[in-house]
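Residue numbers (the working numbering), protein chains in the order written: chain G, 1 to 112; chain Z, 113 to 227.
Be aware that one or more of the hints could be misleading.
To be verified - Pairs of lysine-lysine residues, derived as DSBU-like cross-links and limited to a Cα-Cα distance of at most 35 Å, are as follows: (1) K5(G) - K57(G); (2) K191(Z) - K68(G); (3) K42(G) - K191(Z); (4) K57(G) - K42(G).
Bear in mind the hints are in silico, worked out from the structure with no lab data behind them.
The primary structure of each chain is shown beneath.
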Amino acid sequence: QQQVKQSPQSLIVQKGGISIINCAYENTAFDYFPWYQQFPGKGPALLIAIRPDVSEKKEGRFTISFNKSAKQFSLHIMDSQPGDSATYFCAASGNYGQNFVFGPGTRLSVLP
Amino acid sequence: SQTIHQWPATLVQPVGSPLSLECTVEGTSNPNLYWYRQAAGRGLQLLFYSIGIGQISSEVPQNLSASRPQDRQFILSSKKLLLSDSGFYLCAWGDRVAGGRETQYFGPGTRLLVL
Numbered sequence: 001q002q003q004v005k006q007s008p009q010s011l012i013v014q015k016g017g018i019s020i021i022n023c024a025y026e027n028t029a030f031d032y033f034p035w036y037q038q039f040p041g042k043g044p045a046l047l048i049a050i051r052p053d054v055s056e057k058k059e060g061r062f063t064i065s066f067n068k069s070a071k072q073f074s075l076h077i078m079d080s081q082p083g084d085s086a087t088y089f090c091a092a093s094g095n096y097g098q099n100f101v102f103g104p105g106t107r108l109s110v111l112p
Numbered sequence: 113s114q115t116i117h118q119w120p121a122t123l124v125q126p127v128g129s130p131l132s133l134e135c136t137v138e139g140t141s142n143p144n145l146y147w148y149r150q151a152a153g154r155g156l157q158l159l160f161y162s163i164g165i166g167q168i169s170s171e172v173p174q175n176l177s178a179s180r181p182q183d184r185q186f187i188l189s190s191k192k193l194l195l196s197d198s199g200f201y202l203c204a205w206g207d208r209v210a211g212g213r214e215t216q217y218f219g220p221g222t223r224l225l226v227l
């Protein structure tokens, strides 16, 4: 119930391509879904977040798509760049004292 | 603006030695505080979290302990390090957004190598 599943585990994309990372959850009490970007040797940094009252949120080349009925959300990176190469974590948070839960992470490599 | 500090940045310790990692947060009051451990190439394992001074919850039983002596200070300790304690230790603070939901913000991390 507390788990957030994330796929793929690793992803290789050519420069200029679209990177797509998917996450799924079971607990319907989750209602806030942030994504984090982590470069090697650094702490994760908040990238973008969405609440389930919207189906999509876009910030620059990064877009979150949210499907409440399927309990799934995804991160799309348009025009992927080598500088986007990092590990991406999805997460879920909720009201009523729900703990903050992270997905296992996706290692993205964007080839030049 | 809020800032989170961790030190040291890197630490090499022999097996059986003690450990003390410190985390401090600036620019906020009464934050939720968290310690995570990350093995190389792996995900984030929650070790401890704290909702206030002296209030510590442990997620994983092990030879580590945590303390919160001040509102914005969180300390991770061990009396005797094991080889398996090696990893990347991350401190985070939780910012409660509207409706009680929380976003976590991470510090720069401490790389610990136990030899």
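Which of the listed hints are broken here?
2
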